[in-house]
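Visitor: Assemble the complex: chain A is given as a structure, and chain B must be docked to it using the hints.
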Amino acid sequence: MKKILALLLLVFTLGCEKDDICDADTNTTPRLVLSFFDYNDPSVAKNVVNLKVVQEGREDGIVFNESGTDVTKYLANGPSVSLPLDTSADRIRYILTLNANATDPGLIYTDTLEFNYSRQTLYISRACGYSVYFLLNGGNGDEPNAFVLNDDQAATQGNWIQNITIANRNVISENETHLNIYW
Amino acid sequence: MRRILTFIGSLCVLLGGLSASAQETVQDSIKTHRYGLRVGVDLFKLSRSFYEKDYKGLELVGDYRIAKSYYIAAEIGNENKTVDDPQLNFTTKGTYIRGGFNYNAYENWLDMENLIYVGLRYGVSSFSQTLNHYTVYNRNHYLGIEPQTASGEKFSGLSAQWAEFVAGVNAKVYNNIYVGFSLRVNKLISNKKPRNFDNLYIPGFHRTYDGDFGVGLNYTVSYFIPIYKTKQKIEVQK
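Chains A and B supply the protein sequences, listed in that same order.
Its first residue numbered 1, the first sequence is counted upward by one per residue in the UniProt record's numbering.
Its first residue numbered 1, the second sequence is counted upward by one per residue in the UniProt record's numbering.
Isolated chain A (complex conformation):
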């Protein structure tokens, strides 16, 4: 009888088990990671200064600093930034503004970056469902470059960006850098 009771208990606990929550450590849809380096000494990481990143056509920037004020929460000052890619299109355009909060307009530098990629939807788990992973274009045939700076397919130098290189075409994790930006 005790065994049957224990079994019943098991049935009910399993029956009422909540749907598992997607664990925060699970590698789901990744963002594109850009790392910044010193153009004059390419092996040295160089923090950006008040970089604001806005999707073209929008006003509100990506929030880099949740605890910041209305102005500073959009400003990145670290050695890298992570930008979401569009899971429903093969292209996204961002406007990257350096010194975005400067009062002197002469100090504000803006570059437009377009990213081109292909997408793949992969099953993760019951709780997380599916995630989208990206592969930056490899420059095959007529397809647009992985990155296009200021609408110029050939450009690697912009207004504040001095050079861009691809570190990893496979965007499957946010734990690695995908593009290196030298400035």
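Please note: incorrect hints may appear among the correct ones.
[To be verified] Now the stretches of chain A that chain B is said to cover, found in silico as 3 or more residues with beta-carbon under 8 Å:
{"#": "1", "region": "120 to 128"}
{"#": "2", "region": "141 to 147"}
{"#": "3", "region": "161 to 170"}
[Unchecked claim] Computed list of chain A residues with no C-beta within reach of chain B, every gap over 10 Å:
{"#": "4", "residue": "V49"}
{"#": "5", "residue": "T103"}
{"#": "6", "residue": "D104"}
{"#": "7", "residue": "V132"}
{"#": "8", "residue": "D152"}
{"#": "9", "residue": "Q153"}
{"#": "10", "residue": "E176"}
{"#": "11", "residue": "N180"}
Because the hints were derived from the structure by calculation, they are not lab data.
Glycine included, C-beta positions come from ideal geometry on N, C-alpha and C.
Guide: Okay, now just chain B, sitting in the frame of chain A:
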């Protein structure tokens, strides 16, 4: 504990007295064992099919008595279940069969024919899954909340096998009519998963979690078809 001991003690005294008083009379009794096939249906699955709109299932059960306490037992069933999770919505359809044996641990008195049993089964399920729709998991909401994506992709030719421990009762309620219920604990042995999806529900095995274990139950009504009888002479309190 002390109370239990006292109880057992008084029981012994009582039984001792009884056997002492019965010792003078010698009484033989003939006990009839009926052997045959019992077939039935799982009412739990049947009723769920009515009150749960995302579920349709039928399970037929049967056992055949091969020895005094042993029965060959099997269940065959079909399930059609739609699961709506936050990230996923899918439909599993398939057929399963479970075969094994039951051991009746209940000592029937006279003409009683009840069962309190434990048993083992081996289950095989063949099924397909259709992913109805899903939502891409994306922690970043700058580009908006991910919309629900319709899919309709069907994953066919899936299968799973498992071992099952059963415990249950089956009581004769009227003539050859039995009602019973059983509880089951399953352990997955093999599981042929689709590419880019998972077997989140296996017909006959029930829902799967991250582990290999599953649970189930059924509530049956069955009819006993007697085939032959044996007689056993029981010497009562000689």
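Visitor: Taking the hints in turn, state whether each one holds.
Guide: Okay, the hints, checked on the actual structure:
1. Counting residues of the region 120 to 128 of chain A whose CB lies closer than 8 Å to any CB of chain B gives 8, which reaches the minimum of 3, so the coverage claim holds.
2. For the region 141 to 147 of chain A, the stated coverage by chain B is not satisfied: 0 residues place a CB nearer than 8 Å to a CB of that chain, which falls below the threshold of 3.
3. Remark: the region 161 to 170 of chain A is not confirmed as covered by chain B, as 0 of its residues place a Cβ nearer than 8 Å to a Cβ of that chain, below the required three.
4. The Cβ of A/V49 sits about 22 Å from the closest Cβ of chain B, beyond the 10 Å cut-off, so the non-interface label holds.
5. No Cβ of chain B approaches the Cβ of A/T103 within 10 Å, the least distance being about 27 Å, so the stated non-interface status holds.
6. For A/D104, the shortest C-beta to C-beta distance to chain B comes to about 29 Å, beyond the 10 Å cut-off, and the non-interface label holds.
7. Distance check for A/V132 against chain B: the nearest CB is about 5 Å away, which does not clear 10 Å, and the non-interface claim fails.
8. For A/D152, the shortest C-beta to C-beta distance to chain B comes to about 25 Å, beyond the 10 Å cut-off, and the non-interface label holds.
9. Against chain B, the non-interface label of A/Q153 holds: every CB pair exceeds 10 Å, the least being about 24 Å.
10. Remark: the non-interface label on A/E176 is consistent with the geometry, its nearest Cβ contact in chain B lying 17 Å away (cut-off 10 Å).
11. Every CB of chain B is more than 10 Å from the CB of A/N180 (nearest about 22 Å), matching its label as outside the interface.
In this structure, the hints that do not hold are numbers 2, 3 and 7, in rising order.
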